[in-house]
Structure formats: C-alpha cells, structure tokens
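Participant: Residue numbers (the working numbering): 1 to 257.
Read the hints as simulated data drawn from the structure, not as lab findings.
Just so we're clear, the structure is a prediction, and the values are computed from it rather than from any experiment.
One or more hints might be untrue.
[Said to hold, decoys possible] Computed Cβ-Cβ distance ranges for the label pairs, DEER-style:
1) 50 - 139: 56 to 62 Å
2) 7 - 50: 20 to 26 Å
3) 140 - 236: 41 to 47 Å
4) 50 - 256: 52 to 58 Å
5) 236 - 66: 47 to 53 Å
6) 139 - 166: 19 to 25 Å
In this text, a Cβ means the ideal position worked out from N, Cα and C, and glycines have one as well.
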Amino acid sequence: MIPTIWIVLKGIPLDSSGKTSRRQLDYWISRMDPQTYNLVTDIDRNAVLRHPVTEAERLLKHACSVVLNVSASDINLARSFVANGGDSISAMRLSAQCSADINVTVANLLKSKSLVEVALKSPVATDSAATFSEDFNAPFAPSSMQQWFFNQLGQHSIDESGYRCNQSFYLRMNKAVSVGTIRATIAKIVETHSMLRACFYKETDSKRMQIIPQPSASNHRFETSMLESYADLAPFAALRQQQLLVNRGLVFSADLY
1 MIPTIWIVLK GIPLDSSGKT SRRQLDYWIS RMDPQTYNLV TDIDRNAVLR HPVTEAERLL
61 KHACSVVLNV SASDINLARS FVANGGDSIS AMRLSAQCSA DINVTVANLL KSKSLVEVAL
121 KSPVATDSAA TFSEDFNAPF APSSMQQWFF NQLGQHSIDE SGYRCNQSFY LRMNKAVSVG
181 TIRATIAKIV ETHSMLRACF YKETDSKRMQ IIPQPSASNH RFETSMLESY ADLAPFAALR
241 QQQLLVNRGL VFSADLY
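With the hints as constraints, model all of the structure from the sequences given.
Facilitator: See the structure below:
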C-alpha cells in the first residue's frame with residue numbers, strides 16, 4: 001500500500017536489535033492529541049474550510065463526524081476522506097451509516113480527491129418505502145409455492161389434521177413485558193404482514209383463490225394462559241394447531257403462558 005500521509009520525526013524509536021520499533025510507533029500514534037493529528041494530516045495548509053452547500057454534502061459531513069468521532073467543524077469537505085482521518089474500515093462503516101440517506105460507496109470514499117467529489121457521486125436517497133393500497137377481500141391467485149402445496153392434497157380436505165402445514169415456535173421473554181404491550185405488538189404484526197390474514201377457498205375443483213381481509217381483531221387470536229408445567233404445553237399447542245384453518249381462518253395465533 002502507498003502511504004497517504006508522511007510524518008516527519010526527529011528520531012525513530014528502535015528496539016533492542018536496532019530495528020524500527022513498531023510497537024512504540026503504534027503507541028505514540030494511538031496517543032496523539034488532536035492538535036498534533038491536525039498538524040500532520042493538514043497536507044494543504046492553505047486549504048479553505050469547505051462548508052456544505054448541497055443536501056448530499058450536509059449528510060456526508062454529518063456522517064463523517066459520527067463515524068470518525070470528530071467534531072463536524074473539523075470535517076473539511078475540500079479534503080479527501082482519508083485526509084480527514086478515514087481509512088478502508090471507516091469507509092465501510094460510513095457507507096453503512098449513510099445507506100438510509102445517501103448512496104455512498106467505499107470505492108468513491110477512498111478514490112475521490114475530496115468529500116465534495118464524493119457527494120457529487122452519491123445521490124441522495126429518496127423515500128423508497130413502498131406505498132400501495134391493498135384490495136381487501138378481492139380474490140387473487142395463489143403463488144406457485146402455495147399452489148404446489150394444494151396440489152399435494154389431491155382430493156383431501158385442508159381441514160384434515162394429517163394435511164396441515166403449520167409452523168410454530170416458542171419464544172422466552174427475557175424481561176417483564178405487559179400483556180397489553182404484547183397484545184398490541186401481535187396486532188401490529190398481523191396488520192403489517194397481510195399473509196397472516198390470508199384465507200384460501202376453492203373456486204373450482206382444481207382451482208383455488210385467496211383473499212386478504214381488512215385488519216381487525218378477528219383476524220388473529222391472542223390469549224394468555226396459566227399452565228402448571230411444561231408438560232401441559234403439548235396438548236395446548238396441538239389444540240391451537242387444529243384451530244388454524246387456511247380456508248376460513250384463522251391462520252395466525254399467539255399464546256402467552
């Protein structure tokens with residue numbers, strides 16, 4: 001690698017064998033005060049501090065301040081990312097830090113001659129949140145994977161216990177959370193993820209359709225129960241499995257023990 005900064009010293013620390021002591025150099029650099037750091041990294045003493053002009057420059061300067069752990073007033077957009085104290089590792093961190101607001105690549109950070117140039121190459125992110133409206137209770141065809149599952153049933157009914165394909169798991173709470181909070185969280189999950197409300201029905205003997213009802217308390221089940229032991233969980237869970245019906249609903253339930 002080609003050094004980007006040269007530091008002139010009056011003397012080089014040596015080890016017992018007369019070789020350069022990298023340990024002492026690393027120790028000195030790690031304990032360098034901000035004034036000395038600014039002195040040795042200020043390649044162009046006459047460089048004018050460049051303040052943000054565009055939104056991309058403002059976002060980039062703020063992100064550099066956070067990632068490099070320096071005051072925003074010390075970030076000079078007229079200098080390169082490396083000259084401002086960055087390296088390949090902090091470039092990756094900065095790219096991740098900016099991902100929600102500005103599209104900054106590691107390559108641009110390390111190759112550009114100034115942060116202004118980086119900002120020019122980095123478009124400001126637009127609101128990419130999906131905006132759509134659902135047609136509630138409007139029939140539409142199942143996906144290929146869903147259709148594959150129904151094809152495996154043949155003439156069997158999806159009400160039969162041997163032809164269920166439910167998924168279930170247990171979660172242990174590591175801190176106390178109120179029942180109301182958990183109830184509201186479950187309701188929000190079902191509201192956000194439409195397929196947790198989906199129902200399937202037969203349009204013809206060989207064709208099934210699905211609908212998504214509007215979010216409501218009747219779209220899912222949340223109950224609390226007091227059990228004496230873990231042995232009581234198995235029959236209780238089996239009952240819940242039998243109560244899930246993809247052709248009529250419900251298709252999602254949660255229990256707090």
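Participant: Per the hint of 47 to 53 Å, is the separation of the Cβ atoms of residue 236 and residue 66 within bounds?
Facilitator: holds, 49 Å
Participant: If I claimed the Cβ atoms of residue 139 and residue 166 lie 19 to 25 Å apart, would that claim hold in this structure?
Facilitator: Taking Cβ atoms as reference, residue 139 and residue 166 lie about 23 Å apart, which means the hint holds.
Participant: So does residue 50 sit 56 to 62 Å from residue 139, Cβ to Cβ?
Facilitator: Hint holds: Cβ distance 59 Å, inside 56 to 62 Å.
Participant: Can you tell me whether the CB distance of residue 50 to residue 256 sits inside 52 to 58 Å?
Facilitator: holds, 56 Å
Participant: Does 41 to 47 Å hold as the CB distance between residue 140 and residue 236, or does it fail?
Facilitator: violated, 35 Å
Participant: The hint says 20 to 26 Å between residue 7 and residue 50; measuring C-beta to C-beta, is that right?
Facilitator: For residue 7 and residue 50 the Cβ distance comes to about 24 Å; the hint holds.
Going through the hint list in order, the structure does not satisfy hint 3, though it satisfies all others.
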